[in-house]
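Peer 1: Sequence:
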Amino acid sequence: MSRTIIKFTSPFNSNAVFDAFGKFMYRENFEFVQKNGEQYWKKGVGLLTAPQFLKLSVNNDGSYVLEAWIKFAILPGVYVGEMGTKGFVGALPKQLLKERVDKTLMAMQANVIYQQ
1 MSRTIIKFTS PFNSNAVFDA FGKFMYRENF EFVQKNGEQY WKKGVGLLTA
51 PQFLKLSVNN DGSYVLEAWI KFAILPGVYV GEMGTKGFVG ALPKQLLKER
101 VDKTLMAMQA NVIYQQ
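Using the working numbering, you'd call the opening residue of the sequence shown number 1 and step up by one each time.
Hints are computed from structural coordinates only; laboratory data are not their basis. Here the structure is a predicted model, which means the values were calculated and not measured. Virtual Cβ for every residue (Gly too), placed ideally from N, Cα, C. It is possible that part of the hints are untrue.
[What the hints assert, rightly or not] Taking lysine-lysine and the DSBU-like style, the derived pairs with C-alpha atoms no more than 35 Å apart in a straight line are:
no., residue 1, residue 2
1, LYS7, LYS35
2, LYS23, LYS55
3, LYS86, LYS23
4, LYS55, LYS7
[To be verified] Distance windows between CB atoms, simulated:
no., residue 1, residue 2, range
5, GLN109, VAL78, 32 to 42 Å
6, LYS98, GLY77, 16 to 26 Å
7, ALA16, GLN115, 15 to 25 Å
Based on the provided sequences and hints, a complete structural model is requested.
Peer 2: Written out as structure tokens, the structure reads:
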């Protein structure tokens, strides 16, 4: 299973959306990562639960895309596969991530266009 992808709009301008998202990520103890040309937020290294990842980007039409996924660690810092927030495998970390996604969307007053 791949990442959960949510396309949405917000009544706030782009700066306010990214500011709200960044503040939420810091409050939730996520760290900002730039790796392999991709920028995202990460929480955890896989010692107790699967690491959680969130990424926010803006489209040319002014809509936003929020991506959420977890990975399973076979060793700290060594991950295999990506899974979105749906499905039974990894149910607990997926539920924790889904709750964070919902809170993030609420903070940005998101109007969801589609979710996959």
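Peer 1: Work down the list of hints and note, for each, if the structure agrees.
Peer 2: So, going through the hints one by one against the coordinates:
A C-alpha spacing of about 23 Å is found between LYS7 and LYS35, which places the hinted pair at or below 35 Å, so the restraint holds. A threshold of 35 Å between alpha carbons decides the hint, and for LYS23 with LYS55 the separation of about 14 Å falls inside it, so the pair holds. A threshold of 35 Å between alpha carbons decides the hint, and for LYS86 with LYS23 the separation of about 26 Å falls inside it, so the pair holds. A hinted pair counts as satisfied when its Cα atoms are at most 35 Å apart, and LYS55 with LYS7 qualifies at roughly 12 Å.
Restraint check, GLN109 to VAL78: a C-beta distance of roughly 38 Å satisfies the suggested window 32 to 42 Å. With their beta carbons about 24 Å apart, LYS98 and GLY77 fall inside the hinted range of 16 to 26 Å. In this structure, ALA16 and GLN115 meet the distance hint of 15 to 25 Å, their C-beta atoms being roughly 22 Å apart.
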